[in-house]
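Protein chains in written order, with this note's numbering: chain A, 172 to 429; chain B, 172 to 429; chain C, 172 to 429; chain D, 172 to 429; chain E, 172 to 429; chain F, 172 to 429.
Be aware that a few hints might be false.
No copy is singled out in the list; a pair is fine if it fits within one copy or between any two copies.
Said to hold, decoys possible - Derived pair list, reagent style DSS-like, types lysine-lysine, alpha-carbon separation capped at 30 Å: (1) Lys230 x Lys253; (2) Lys253 x Lys346; (3) Lys253 x Lys243; (4) Lys253 x Lys229.
The hints are simulated quantities; they were obtained by calculation from the structure and are not laboratory data.
Quantities reported herein were computed from a predicted structural model and do not represent experimental measurements.
There are 6 protein chains.
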Amino acid sequence: MNQVSTRELARWLDATLQPQRFRDYCPNGLQVEGTDTITHIITGVTASHELIEAAVAKKADAILVHHGWFWKNEDPCIRGPKRARLALALSHGLNLYAYHLPLDAHPTLGNNAQLARVLGFEPLRGDAGQALTCGPDDLVWLGTPGVPATLQDLGTHICNALHRQPLVVGNPQQKLERIAWCTGAAQGMIEAATAAGAQAYVTGEASEQTYHWARETGTGFIAAGHHATERYGIQALGQAVAREFGIEVEFVDIDNPI
Amino acid sequence: MNQVSTRELARWLDATLQPQRFRDYCPNGLQVEGTDTITHIITGVTASHELIEAAVAKKADAILVHHGWFWKNEDPCIRGPKRARLALALSHGLNLYAYHLPLDAHPTLGNNAQLARVLGFEPLRGDAGQALTCGPDDLVWLGTPGVPATLQDLGTHICNALHRQPLVVGNPQQKLERIAWCTGAAQGMIEAATAAGAQAYVTGEASEQTYHWARETGTGFIAAGHHATERYGIQALGQAVAREFGIEVEFVDIDNPI
Amino acid sequence: MNQVSTRELARWLDATLQPQRFRDYCPNGLQVEGTDTITHIITGVTASHELIEAAVAKKADAILVHHGWFWKNEDPCIRGPKRARLALALSHGLNLYAYHLPLDAHPTLGNNAQLARVLGFEPLRGDAGQALTCGPDDLVWLGTPGVPATLQDLGTHICNALHRQPLVVGNPQQKLERIAWCTGAAQGMIEAATAAGAQAYVTGEASEQTYHWARETGTGFIAAGHHATERYGIQALGQAVAREFGIEVEFVDIDNPI
Amino acid sequence: MNQVSTRELARWLDATLQPQRFRDYCPNGLQVEGTDTITHIITGVTASHELIEAAVAKKADAILVHHGWFWKNEDPCIRGPKRARLALALSHGLNLYAYHLPLDAHPTLGNNAQLARVLGFEPLRGDAGQALTCGPDDLVWLGTPGVPATLQDLGTHICNALHRQPLVVGNPQQKLERIAWCTGAAQGMIEAATAAGAQAYVTGEASEQTYHWARETGTGFIAAGHHATERYGIQALGQAVAREFGIEVEFVDIDNPI
Amino acid sequence: MNQVSTRELARWLDATLQPQRFRDYCPNGLQVEGTDTITHIITGVTASHELIEAAVAKKADAILVHHGWFWKNEDPCIRGPKRARLALALSHGLNLYAYHLPLDAHPTLGNNAQLARVLGFEPLRGDAGQALTCGPDDLVWLGTPGVPATLQDLGTHICNALHRQPLVVGNPQQKLERIAWCTGAAQGMIEAATAAGAQAYVTGEASEQTYHWARETGTGFIAAGHHATERYGIQALGQAVAREFGIEVEFVDIDNPI
Amino acid sequence: MNQVSTRELARWLDATLQPQRFRDYCPNGLQVEGTDTITHIITGVTASHELIEAAVAKKADAILVHHGWFWKNEDPCIRGPKRARLALALSHGLNLYAYHLPLDAHPTLGNNAQLARVLGFEPLRGDAGQALTCGPDDLVWLGTPGVPATLQDLGTHICNALHRQPLVVGNPQQKLERIAWCTGAAQGMIEAATAAGAQAYVTGEASEQTYHWARETGTGFIAAGHHATERYGIQALGQAVAREFGIEVEFVDIDNPI
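Using the sequences and the hints given, assemble the complete structure.
See the structure below:
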């Protein structure tokens, strides 16, 4: 059975995702140290208690997620659900690797790139082939919607592809030639999307003021679910790890309606 | 026809809501100056373009809202929808009064107090009759749910009372004796609600991590809509203004699915 | 009649003045959006009410200034004179473009470069022809005074050239071979000028402590007026706009004794 | 010959001026330690080199000023004029006491109170006899102008009383019933003065934007000199010291045109 | 066998030590949650791995320390020794309570009060019996040294009482009538001690610059060990817990030469 | 007799040590200005009163040190020992040059480089010959210990070489192949040393928590004295100055047990 050392995997993930390029809300990398070698990894969107239970049940020795722990301004004490998660992980020697913004932004493995693949969006690309982006830290991607012709069509397409009813704001008949998207809780970046000329913006969550911005600028807005839009980057990263090290990597989808 | 001077109304609102007691994300008070005297006020949740259009159509000379303008870190330039809102308001001499956190927190007129009234919650009260609260700036209220016996019942009750399908997370059969609530985008305060012993927490919006916290602590969670939970404080404030000054005050509900 | 689109002019001004290179006290660029196309621009030092009235009287559709609006720590509310300026500009569809530090610093169009031209100062230049500077953000220019031989001569020359009696501190008979200058309220930068070996420093305003620094270091000091020293960059920029787009650009001098 | 210990004088000055009540731009109190006992004090507006020379010539052992040393963000190194001042003071065992905002604000000895006395202004007073103020840290005083009937009259009166031609902005014929004043470089507080209903505002310095604010709000503005308006508080404080300790206290006026 | 609930003990400790009065470098209170009830507590200076091992060996269910975990600016990830400590504590259901500054400062149980008891220092007291203090957060105590007459005597006395050779700086023959002390790494507070008139200052650690300050001000300085000076507060607190709840509390001294 | 101008020496020192590359806790360079030309320099670790006395006794005109004055958050007032040091230096026209982090880090003259030379450590070097480092600002050097085979041997060797009994923590028999070092109060950087794979870490001072980190990670730790480890960089720098300018440079060792 193949294996990789905990440190070697951390080095490869850091080299691949380059966390030093981001100012993030959490540490990226090996957040909790477990066994020294790894043969079986569970990937998931969030390092929730249920995901750790799944990893224990499957006798994994590492978890690789998009949403890890130790967020900025979080109480550092180990109590309540934080204690339960940590005690379970430590008692089974699980390693926890987490990559947040670096996994949103990666040009091929990242959440934005993978959501485009799943939904058939065609990213606009610069002369060097790089995706054209906008917004803070260049987190918002720009492109064409592929087949769907109108905002209503795009809503239906997303509903079918992500198996979730999205919130759609705007004129259903609006023709879409240029759209923008950013996975997760990126509703605030609709301003950047509008400024970059997008006719519609797709993200995960929505806030009260997003609705007014969308209507007053005539920008179509689709909130397709934080979890639903961020299931794909971590799967792609897991497959890359499996290819690189020949170890077992398995995605566990703990559903989340938000 | 009765009237009040713009300055006098600002003084009365400030004396009533005491904005100097809050560190807020926006200025509270007279945000945009219009005519010198006021005879007809439109109240609303958010100073959106549509609300200003309604005020113009109704020949009002002031708008009084919960969500005004000039939020922290906002681009100060007057462009796009911000320009359109402002140009419309200025060209019709509209005064814009906005109160954010002070209107959430007011003991009788505030959003939390009014939502309790609408939903039949019974606030816990201290020896001096004051509502017992928790969380940052004491923004979360504690109490009993009134009639509803279980989380499922509470969800149904809220759906009927607010005319909106809420997001409900948790065990539907959980008996509820002590709950907590805070209107708007207060999902992050579920931690304070749990620490204060609430069996369920009601707020407006939801984030991805709220779901996991609710499930891992066994706290019921209901997101009933930002707009839907914040429609009541501004109406109560408007009625108080009408009583005080004998002028016409009218609530305009610009619906918002979020 | 020639015209340029509002966005195209913003792009050209940003490309010319490169505001992203400065950490400024205000936003640089299109501060207030008006009509979509521009045929007639009024330039001025400060976007005062009087300047806007002049632009309205002259049927201009844009104003281009050195001192715009929305200064750091300014109250964001739209009241009093701020409301009056904004209401006048918005009601006539005026665009407001403002460039602060980028216009001070531009190598040929900037206030320092243009004041040198008007007063006959010869900037010191490096091997690549660039002006040699000192002080925070390299805002202070160094050079020779041209013809004037003494501090008294320089004061007289400035009085004649700028039509204003400057405040002159120091030994009138001091011979001047190396001087420094920075337009506007740059009196605090006299320390950098002294450290760079300047025998006299010319700026716009003066503060109580400037007087003591000048006397105790033996540095000649001339405060020639904030407005008086900053009239020239905006004119040069306006002429460049006129040349580039063939539209009408007119400078309006609203005098200011300070 | 009477004397007071250096520490005892520091204690009395601190008890009188209460520097702990202010967030200031410099340390208040004994800034430089000299001899242990004090028999002869020189007071002045600013601890300039010339003032120290005067103190040495008069064989004083302490200097008491409004503008001392060690301002916020100042380079801490001891070089140039800072070195010269300090070397001179230390070599003669001079003690340096400095009080900045506490001396502006003192109800009877302070610069605002003393300027009112010199110019005949009548401060508005509250029920407890305290001066009514406005602006940051309540530094601006409100009152009536005494005899002068118009802005022009007030300018002439100030010229005669302070022996300096002030800068006067506004309508010369404006009748004045309510004015505001704050000594020194308090031009930015004209906004607070306007908001408090002052028809004219008197301070020491002026900035470019002050001119526009004054004109656009119709507030009369008089810049009477930073030094000229701040000569009186330190004299009053010196007389109080002389009365308290029976030691020699002498004011030396180093003139400053700013 | 007596027991106390984990929450009840946290409430009593918080009521006793009042952590909300301090701005500390770590969270104070229940830092790591273990079993719900507590029958046996180990106290110690620092929650080191060795202390946790001792608690496990003694079948304790809680640890109460002065130096806990989660210090400001610490890497939040759970790796290396931090992981080992936490895994050991969690796997045995240990509760970790930590109180830092509140335990230094407590008037009777605190480190300063207890070190005074052990060394025979007599604290100076105010009219209400409270200890007279100085320095940031009033952390430094003032008093008389009890029996020792000179700095050398005090050094010898401390050596005998704390079983450790202290570092002594100063004139051995200096008579001591007024001293100051603060346990732990409080060497920087020697400046406050000097300003308060102390002839000698006793603390735990020493820094290079402390030596010069002590010599140049003539203040005697004794560094008696961080651990050695902070062994007593936690013991007194443990005894108070034992008295209050009748449970077993045992002090384990993991020696530390620093 | 050779001499150098004060400014020229400052320029050469800045060019050599490149202080602009560091964010330091004090200003680096000419901290106190004295005579214009320099013929005789005293070097020392710290600009203490005793060092200044030595410079005066030796008729030097400059002092060059590692620990100068004006540390971050220091009270800027000139009182007590600060006054005494400054008065002595100013009254004898002494120039004070200080370089802190730039002198720790210099590749050949710096404290780390020189301590390696004195103790026979062999720095690890990269392809370009540069020392391999770790920790904040790359201040910690990595290398092999030279001759000593075990931690105990290294302790004995350091005792003999630096004439001081170091504090040694760890297993005396641990074989050492890779060590790390940083002079002065760098005990907090032991974490970076451990992460970089060092078996032992040598620095100047020690803190309570260093002891636990060393033991729990199995990293040997040696605190060899702040002063004792930082005597060498300033001597090397002084010799470089002597070579460059042909002036007299003399090291004065004011011993310090810390």
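Verification of the supplied hints:
no.	hint	verdict
1	Lys230 x Lys253	both (21 Å within a copy, 24 Å between copies)
2	Lys253 x Lys346	between (46 Å within a copy, 25 Å between copies)
3	Lys253 x Lys243	both (15 Å within a copy, 19 Å between copies)
4	Lys253 x Lys229	both (22 Å within a copy, 27 Å between copies)
Taken one by one, the earlier hints all hold for this structure without exception.
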